[in-house]
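Peer 1: Each chain is listed here by its residues.
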Amino acid sequence: MQLWLIPIFPLAGFLLNGILGRRFSKAIVNTIAIGSVLLSFVWVLKTLAGPWELNPEHYFTWIASGDFHVGLDFSVDRLTAVMLLVVTGVGSLIHIYSIGYMAHEGGYYRFFAYLNLFMFFMLTLVLGANYLVLFIGWEGVGLCSYLLIGFYFDKKFATDAGNKAFIVNRIGDFGFSLAMFLIVVNFGTLDFGTVFGGVAAGKPAVSEATLTAIAFLLLVGACGKSAQIPLYVWLPDAMAGPTPVSALIHAATMVTAGVYMVARSEAIYRHAPAALEAVAIIGLLTAFFAATIGLLQNDIKKVFAYSTISQLGYMFLGAGVGAFSAGIYHLVTHAFFKALLFLGAGSVIHALGGEQDLRNMGGLRKKIPWTFWTVLCAAVAIAGVPPFSGFYSKDAILLAADRHAPWMYWVGVLTAGMTAFYVFRAIFMAFFGTYRGQAHPHESPAVMIGPLAVLAALSLAGGYLFNVPKYLEPLFPLAPEGSDLGPMVVSVAVGLAGIALAWLFYVARPGLPDSLAASFSGVYKLIYNKYFVDEIYAAVVVNPVVTGSREVLWKSVDATVIDGAVNGAGTVSQGVGGLLKRLQSGNIRTYAVWVLLGSVLVLVAMGLAAGGIR
Amino acid sequence: MTGVPLSWYLILSAVLFALGVAGFLFRRNIITVFMSIELMLNAVNLSFITFSYQLRQVNGHIYSFFVMVVAAAEAAVGLAIILTVFRNRSTLNIDDVSSMKN
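Listed in order, the protein sequences are those of chains C and U. For the first sequence, the residue numbers in numbering that gives the first Met the number 0 are 0 to 613. For the second sequence, the residue numbers in numbering that gives the first Met the number 0 are 0 to 101.
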């Protein structure tokens, strides 16, 4: 079915724009970048319209070593189909939006080249039929994430954020690599079909301990890519990139790669209950703590960044309690409403000429109504208000959590309340009250509003239109229907209460948050400073490494041992040369004297060897 | 030849060679240096001939002919060089002909 065409379009776009883009006009850059992604989207649709189930396509054998083969293989199953639609669909919308958002930025062609490259790697990631091809995409999207976070490379915080994202992801990739090694050792292959079939059939016999180790190592990788505790710290900083990047890479697609990978490895996780439990607990903790941090952020993009971490935590919770399809369901709806939130935030930032601080906004509802209404659609969706998309997916996860362990359900519900609160806090601070800033807000151009409107429609109706768990039932069997009305009502009520509380705090009684902050100053400071996690990491990991490198490795080992050896070799040769150069005087008679002395010496030696002069 | 012992020839050869070496080392005039080299070659020739005669082998004679041929060729080339040097520099002092150095 020519699956390779799907990623090849963006790759061609990247090459064209990357190599020749400097000479192209913006219109040509736009056409190439958006056209390539749209072509890819169309090809996805065409592929999915035909008969496509269970057709791995083998292009060439990449690695052949004895019995071990790794090929460049693509395959599509229902899980991949969902991911393909999300990546190319939401990706196309964000590409279109970027035309407007990036219109006045430098490095226009570079931006679109990187975005295209990202699409290529992301599509490779979801299409790959073995772990290594997935890993190529995995690393590639990490690279593009790095490049795009540091897009404003003349700003130090942006390049620092890029480095942080890249380095933290290395930790996760380390776990992923080890997991792949273990899979190769135990299964002799990296092909999804063979490995998962082998796990299910028990052939080759791999102990549960080994499977658990593999699953845990995969989880380490997923934690890095999907910004879960303890490796989530890079994602808030990643907001240094342009906002469309935050929407595409750091909300809708790349960060969900970890969830996708866990869902893809479902067979392994099913046989490693301890690891699956760990997935659930890490997801739940991440969801909860990121939501609390989100409560007090003042940067509009940071609020949504912590929200993303929190929602990713939900997806992991869903996967961890065995409801993989619910996790993917939330991945899809989250891609809609979180991309919309970020793009809306981008529209606000664009309108205010770069202002990101919520405290300098306010009253924008009248000034940029299109942005307001679309963002509101996303907000009701993420808050879990029925019947909008977030309600369906979050409800599916929470019900699964309730069946698995009630305490997880209650923490999840609490998190849902906080989610509703912080999102509406941002909305109320930005769009209600009176304007507190200096800029002159202006509505964004139609090329930005268009994607917002489409995403708004998807956020509202996406949960109803796309019944992902039903679609994925052949892969992930659904739990039997039960009477889940009670938990559902509770979670909806908590979400609505969160919205009401935000209304009370930021519209009805604006003085209340400050007085509360004053009375709970300890907790307030703790959360406001994000639990000092960055500081703790700096003290425990970063500074020892930096200090050790500087003081020990650089100033001791490098400066004395290595430089000493090199310089010592130089000094010795110089000294010896200084002595020997006296021999090379250029005076023939001196040489002749040496020859004479040498001959005499040889004669004397021969004479002595012969037993002296008789 | 019967009356003259072998050692005398060798001593004469050694003395001639030593004179050649001394001349090569201590004289400044190029022609003298050149002649010292010839002297050393002929001192060696003398030893060759002596041993050849003593041991009744023709090898020594052959070698001495080789040496004479080489010496003749060397004399031709060397004297030509000396002539050119003298024409260009008006000196035969070997220490002044050092432009190849440094």
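Simulated from the structure, these hints should not be mistaken for laboratory data. Only a predicted model underlies this, so the values are computations on that prediction, with no experimental measurement involved. Hints should not be assumed to be uniformly reliable.
Facing chain U, according to a computed beta carbon distance under 8 Å, are these residues of chain C, among others [said to hold, decoys possible]:
id: 1; residue: ARG588
id: 2; residue: VAL592
id: 3; residue: LEU595
id: 4; residue: GLY597
Ideal Cβ positions, reconstructed from N, Cα and C, are used throughout, including at glycine.
Peer 1: Next, verify each hint and record whether it holds.
Peer 2: Hint-by-hint comparison with the structure:
1. ARG588: holds, 6 Å
2. VAL592: Holds, because the Cβ-Cβ distance from VAL592 (chain C) to chain U comes to roughly 6 Å (cut-off 8 Å).
3. LEU595: holds, 6 Å
4. GLY597: Result: violated, 13 Å to nearest chain U Cβ.
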